[in-house]
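Between the sequences and the hints, there should be enough to build the whole structure, so can you do that?
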Amino acid sequence: MNRFTRREFLLTPASAAAIPLLGAAAAKTRVGLVNSSYPKLPRPLSPEDPLNYDSVRDMVWQAIDLGRPRSGSLEAKIRPGAWVVVKPNMVFLRPQPLYRTGDITDMRVTRAVVEYVARNSHAARITIAEGGSYRGVRDPAEDNSVQQNDVRVDGATFDWGDREFPGVGGSLAGMLRDFSKAFPNKKFDYVDLNYDVVRDASGSPLRIQVPRTKSGVGAFGARPDYFVTRTILSCNFLINVPVMKVHRQCGITACFKNYVGTAPRQMYGAPGVFANVELHAQHSIEDRIDSFIADLAAFHPPDFNVVDGIRGLQYDTHSTGQPDQMLRNNLVLAGEDPVATDTVVAQLLGFNPWDIEFLHMTAKRGIGTRDPKQIDVIGADLDRLCRRWVKPQPWWGRCNRDWLISNDAGAPIQTWTRHTAPTDTLNLSSWIGKGSRKTAAAAVRVFAEGHRKAFLWLGLRGRVTTFLNGQKIAEDENLTRYRVGQFRTPVELWPGENLLLFRVHASSGQGLLSALLVGPRNDGDTVEGIRWSTSGK
Amino acid sequence: MATINRRQFLVSGMAGVGLVQSQQKPVNEKAIATATEDATPRIAIVLSSFGGSSDHDGTRIRGLPDPRPVDAHLEYAHLDAMVGKAIELGAPRKGGLASIVGPEDWVVIKPDISSCRGLTPVWSPGTVTDLRIIQSLVCFLMENKCGKRITIAEGAADWLPVERSGKSVDGWTTDWGGAFGGLSYKKMVADFSRRWPYIRFELLDLNFADCLELPVPRRVYPAGTHPVTYFVPKVIQQCDKLLSVAPLETDAGTGVSLSVKNYFGIAPGMKYGMPKRGLDRLGDPNEVAVDLFNFHPADYAVVGGSWGFEANLSGSPAGATVHHNVIVAGANAVAVDAIGAAIMGFDPAELLYLQKMERRGFGVSDIDVIWTRGNDVDEAKRNFRRPAAWRAGRNKG
Chain A
1 MNRFTRREFL LTPASAAAIP LLGAAAAKTR VGLVNSSYPK LPRPLSPEDP
51 LNYDSVRDMV WQAIDLGRPR SGSLEAKIRP GAWVVVKPNM VFLRPQPLYR
101 TGDITDMRVT RAVVEYVARN SHAARITIAE GGSYRGVRDP AEDNSVQQND
151 VRVDGATFDW GDREFPGVGG SLAGMLRDFS KAFPNKKFDY VDLNYDVVRD
201 ASGSPLRIQV PRTKSGVGAF GARPDYFVTR TILSCNFLIN VPVMKVHRQC
251 GITACFKNYV GTAPRQMYGA PGVFANVELH AQHSIEDRID SFIADLAAFH
301 PPDFNVVDGI RGLQYDTHST GQPDQMLRNN LVLAGEDPVA TDTVVAQLLG
351 FNPWDIEFLH MTAKRGIGTR DPKQIDVIGA DLDRLCRRWV KPQPWWGRCN
401 RDWLISNDAG APIQTWTRHT APTDTLNLSS WIGKGSRKTA AAAVRVFAEG
451 HRKAFLWLGL RGRVTTFLNG QKIAEDENLT RYRVGQFRTP VELWPGENLL
501 LFRVHASSGQ GLLSALLVGP RNDGDTVEGI RWSTSGK
Chain B
538 MATINRRQFL VSGMAGVGLV QSQQKPVNEK AIATATEDAT PRIAIVLSSF
588 GGSSDHDGTR IRGLPDPRPV DAHLEYAHLD AMVGKAIELG APRKGGLASI
638 VGPEDWVVIK PDISSCRGLT PVWSPGTVTD LRIIQSLVCF LMENKCGKRI
688 TIAEGAADWL PVERSGKSVD GWTTDWGGAF GGLSYKKMVA DFSRRWPYIR
738 FELLDLNFAD CLELPVPRRV YPAGTHPVTY FVPKVIQQCD KLLSVAPLET
788 DAGTGVSLSV KNYFGIAPGM KYGMPKRGLD RLGDPNEVAV DLFNFHPADY
838 AVVGGSWGFE ANLSGSPAGA TVHHNVIVAG ANAVAVDAIG AAIMGFDPAE
888 LLYLQKMERR GFGVSDIDVI WTRGNDVDEA KRNFRRPAAW RAGRNKG
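Just so you know, the protein sequences line up as chains A and B, in that order. Counted the way the numbering used here counts, the first sequence spans residues 1 to 537. Counted the way the numbering used here counts, the second sequence spans residues 538 to 934.
Note that these hints are calculated values from the structure, not bench results. There may be inaccurate statements among the hints.
Listed below are the simulated DMTMM-like cross-link pairs for lysine to aspartate or glutamate, each with C-alpha atoms no more than 20 Å apart in a straight line [said to hold, decoys possible]:
1) A/K453 <-> B/E750
2) A/K28 <-> A/E492
3) B/K567 <-> A/D376
4) B/K771 <-> A/E492
5) A/K214 <-> A/D225
6) B/K567 <-> A/E164
7) B/K567 <-> A/D143
8) B/K631 <-> B/D821
9) B/K723 <-> B/E739
10) B/K567 <-> A/D150
11) B/K567 <-> A/D139
12) B/K567 <-> A/D159
13) B/K893 <-> B/E824
14) A/K181 <-> A/E115
Here's what the structure looks like:
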C-alpha cells in the first residue's frame with residue numbers, strides 16, 4: 001500500500017481541500033508538555049532542580065508520549081528502514097563569545113530523542129544534523145574555528161565535558177559511537193549541514209524554489225529560491241529538537257527558527273564570517289527573518305518536534321553577559337505540529353502568539369494550526385508554566401495588515417477599498433498619487449473584549465493625523481528614516497468596536513504607515529483581547 | 538580560573554577565550570574569531586598632547602597635527618582634531634560613527650548643559666559639555682552625510698529658557714564667558730543651518746518637551762509588582778540615534794557624572810522639578826540613571842573636553858575646575874564611562890551604576906577587557922578629588 005508522508009500530503013491537490021475538513025472533524029492538535037515536577041514522572045523534581053540524564057530522558061519520553069502523533073505513537077509514524085534525522089540547535093560551541101548555557105539544545109534532550117528512536121522504531125539510520133556558526137574540521141579556512149587542546153573540533157567532535165549537561169559528557173561523535181555499539185543493526189552518524197548543499201549534475205550548488213502548495217502559497221522571502229541541504233531534503237523523517245529562547249528578530253526561537261541551521265553556511269556565509277549573512281541579506285523582508293524561516297521549513301516540515309525548555313535565554317538570542325539571562329524552567333514539549341508547538345512556546349515565554357509572524361505564514365501554508373483554541377496541551381498545566389521572559393530590544397509584534405483605504409477621507413467608510421498589506425508597512429503612495437490633495441486615509445476597526453489601555457505604535461513617512469472613535473488623538477510627522485513603532489500614543493479602547501483612522505499627507509510623494517496596539521508594558525506585544533477587522537463584525 | 542591580562546586577551550585574536558564563559562572548561566578551549574566579528578569595545582583616549590602610539594599589533598597610530606600640553610589653552614582647531622582622532626580610534630570593528638548614523642536618521646545630541654554661567658550660583662566650565670566638541674561632532678556628521686535632522690536636546694537642572702525666565706540669558710544663548718571659544722548653542726545652530734540648509738537643526742528644551750509616562754524597558758520585576766514608570770520626552774524615544782556628550786565630572790550620588798549620568802537631563806523638569814528632586818523618589822540615583830538610559834541607550838558616547846570638575850559642586854570641601862584636555866569616545870557608553878572614570882582615578886568596579894549597567898547587558902566596565910586606543914589610561918590619568926558624600930559601591934547588593 002502506498003503511504004503518504006505528512007509532507008507529501010501537504011503538497012498534494014487534496015491537501016488544500018482536506019485541511020479545512022480535517023480541522024473541523026479531527027481532534028485538536030496535541031502538544032505534550034512535561035515539567036520536572038510532573039507527577040506521572042518516575043522521579044518528579046522541582047522546577048529549580050538541576051537534572052541528570054535519567055530525569056531528562058523521563059521528561060522527553062513522557063512528552064513524546066503525551067504529544068504523540070495522530071498515527072498513535074512516534075515510532076508508528078517512522079517507517080521500517082527509514083532514515084531519521086534529528087536536528088538540534090547547536091549554533092555555537094562553548095568557547096565562542098556569544099555562547100552561554102541555555103543557548104543551544106541540551107545534549108541530554110538530543111540523546112534522549114535518539115535513544116527513543118533507536119529503541120522503539122525500526123529506523124535503519126539515525127543522523128544528528130546541524131549547521132552551526134563554526135567551521136568543520138575539514139574546512140581549510142582557519143577563521144570561525146574552534147580548538148580544544150590545540151586540536152580543531154566541530155559540532156561532532158567538541159567535548160562538552162561532564163558539567164555543561166550533567167549526566168551526559170563528551171562529544172556527539174562519542175555519543176553516536178555508543179549508540180552504534182548498543183544498536184548494531186542501525187547506522188548512526190553526524191552530518192554538518194553547512195557543507196551539505198544540494199548540487200546539480202555538474203556539481204554546482206543548486207538553488208531550489210520553495211514548493212508551492214495547491215492553494216497557491218509559495219515563498220514568503222524576498223527571493224523564492226534557496227540553497228538547501230541533501231540531508232534535510234532526502235531524509236524520510238525529520239525530528240526537530242530546538243531549544244526555546246527569545247529571538248531578536250522574530251520574537252521566539254524554537255521549531256521554525258531552528259531551520260536557519262539547515263541553511264548551508266558554505267553558501268550563505270561571507271568572507272571571514274561563518275554565519276548566514278547572505279541568507280538574511282537575500283531573503284529578509286523589512287528586516288524580518290520570518291519569511292525565510294517559514295520558507296526553509298517548507299522544504300521538509302518537521303515530522304515531529306521535541307523542544308528543550310530546560311534552560312533558555314531571555315533578553316537576547318545569544319549571550320549578553322547578564323547574570324539573569326539564563327532561565328531554568330525544566331520542561332520539555334513535544335508534538336507533531338510545529339506551528340502548534342511554537343504557539344505553545346510563545347505562550348510559555350510570555351509572548352502573544354498573534355505577534356509571531358512566521359506562525360501566520362506557516363499556518364497559511366497548511367503546516368499546522370496557530371489557534372490556541374485548536375491546540376490540546378496535554379500534561380503539565382500550561383497556564384501555571386507561562387512566564388514573562390524579558391524581550392529583546394527592539395521587539396515589536398505584528399502590525400495591522402487589513403486596511404480600509406480611500407483618497408477621500410470624507411467619503412462614507414463603506415465605500416473605502418479593502419486592502420491587505422503583505423508586511424507591517426502599508427504603502428499609501430499609490431493612493432496618495434490618485435488624489436488631488438496628495439493625501440490618503442486608512443482605517444481599521446479594533447474589537448476589544450473590554451476596556452483596554454494600550455500604546456498605539458505608529459511608523460510613518462509623511463504627516464499623519466490619527467483619530468480614535470472620531471477623536472483626534474495625535475498628529476505626527478516624520479521626514480527622516482521610517483521605522484515601525486517610532487511614534488507612541490497612549491490610548492484607551494472601548495469594549496466592542498473602535499475605529500482607528502489615519503489621514504496621511506505624503507512626504508516627497510511617499511506615504512508609509514504601520515500601526516500596532518501594544519499593551520501597558522509598552523514592550524512591543526499586541527495588547528491582549530483585541531482583534532483587528534475591516535468589517536463591522 | 539586561569540586569568541589573562543588585557544594585552545594577552547587582545548593578542549589572542551579576540552578569541553573570546555573564557556571571558557564570557559569562565560566555568561566548565563575541562564580542557565584548553567578557544568574560538569578563532571575574525572576581526573569583523575570581534576565585539577571587544579574599542580574606546581579612544583586622546584589627550585591634547587597625543588603624538589602618536591602603536592596599536593596592539595604594532596601598527597603605528599599617527600598623532601595629532603599640533604599636539605599641546607594637557608593643561609594648555611586650546612583653540613577650536615585643537616579640539617576638533619582631538620574629536621576627529623577619537624572618532625577614528627574609537628570606531629568598533631564593524632564601523633565607526635559614520636556607519637552608526639545613517640543618512641536618513643534623526644539624531645539627538647545630548648550635551649550636559651545642566652548649569653548656566655550667570656544663572657547658576659556656583660558655576661564652572663567643567664560642569665557642562667565643551668561646546669567645541671558639539672560643533673566638531675556635528676561637522677563630522679555633516680561631512681560624512683550622517684543624519685537628516687539634528688536635535689541638540691537638554692533638560693537643565695538650573696536654568697529656564699529666556700522666554701520663560703524673562704532673563705537675558707540661558708544655556709542656549711550664553712557664550713559661557715569665552716570658556717568654549719565664544720560659542721553659544723543658538724549661534725552654532727544658526728551657523729549649521731546656513732551651512733547645511735537641507736538638514737534640519739534645532740535646539741530642544743527637554744524640560745518642557747512633550748512627554749509620555751512609560752515603564753522602564755528590559756527591567757525585570759518581581760511577580761505581582763507594577764513596573765516602574767518615568768516621564769520621558771517623546772523625542773528621546775522617537776529619534777533614531779542618540780549621542781551622549783558629557784564632561785569629566787564627579788558626582789555625590791554616582792561618583793562620576795559621565796555619559797550615563799548625563800541622562801538625568803532627559804527627565805522633564807515640568808514633571809520632576811528643577812532641580813529634579815522628583816527623581817529622588819524613584820530610587821537611588823545609580824538606579825535612576827540606568828533606568829533613564831534604558832529608554833534610548835546611547836548609540837555613541839563622548840566624554841571629556843578641556844574642563845572637568847572635581848569634589849563637590851557645592852558644599853564642603855569645595856569643588857574645583859580641572860583643566861585636563863582629553864577626549865574619550867566610543868560606541869559603548871559603559872566602556873566609555875569606565876575608561877573616563879579610570880582616567881579620573883576611580884576604579885570602575887566601585888561605581889554602582891556601572892555594575893547595574895553591566896547587569897542589564899549594556900556592556901562591560903572591566904578596563905582589562907576594553908581595548909583602548911590612542912593614549913593609555915595611565916598616561917591620561919588625572920586623579921579627581923572625590924565628593925565627600927559619595928561612597929564607593931554603596932548600596933551594593
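These are the hints, each one checked on the structure:
Note on A/K453 and B/E750: the hinted pairing holds, with a Cα-Cα distance of about 13 Å set against a maximum of 20 Å. Restraint check for A/K28 and A/E492: not satisfied, since their Cα atoms lie roughly 35 Å apart, outside the 20 Å limit. Using a Cα cut-off of 20 Å, the hinted pair B/K567 and A/D376 is violated, with the two alpha carbons roughly 45 Å apart. Taken as a hint, the B/K771 and A/E492 pair is honoured in the structure, with Cα atoms around 19 Å apart against an allowance of 20 Å.
Restraint check: the Cα-Cα separation between A/K214 and A/D225 comes to about 18 Å, which is no more than 20 Å; the hinted pair holds. Between the alpha carbons of B/K567 and A/E164 the distance comes to roughly 16 Å, so the proposed pair stays at or under 20 Å and holds. For the given pair, B/K567 sits about 12 Å from A/D143 by alpha-carbon distance, which is consistent with the 20 Å threshold. Proposed proximity of B/K631 and B/D821 is contradicted: the alpha carbons are some 36 Å apart, above 20 Å.
Only pairs whose Cα atoms come within 20 Å are accepted, and B/K723 paired with B/E739 is accepted, the gap being roughly 9 Å. For a cut-off of 20 Å, the pair hint linking B/K567 to A/D150 stands: about 8 Å separates their Cα positions. Straight-line distance between C-alpha atoms of B/K567 and A/D139 comes to about 17 Å, which keeps the hinted pair within the 20 Å bound. With a C-alpha separation of about 12 Å, the suggested pair B/K567 and A/D159 falls inside the 20 Å cut-off, and the hint holds.
With a C-alpha separation of about 7 Å, the suggested pairing of B/K893 with B/E824 holds against the 20 Å cut-off. Simply put, A/K181 and A/E115 have alpha-carbon atoms about 12 Å apart, close enough for the 20 Å limit, and the pair holds.
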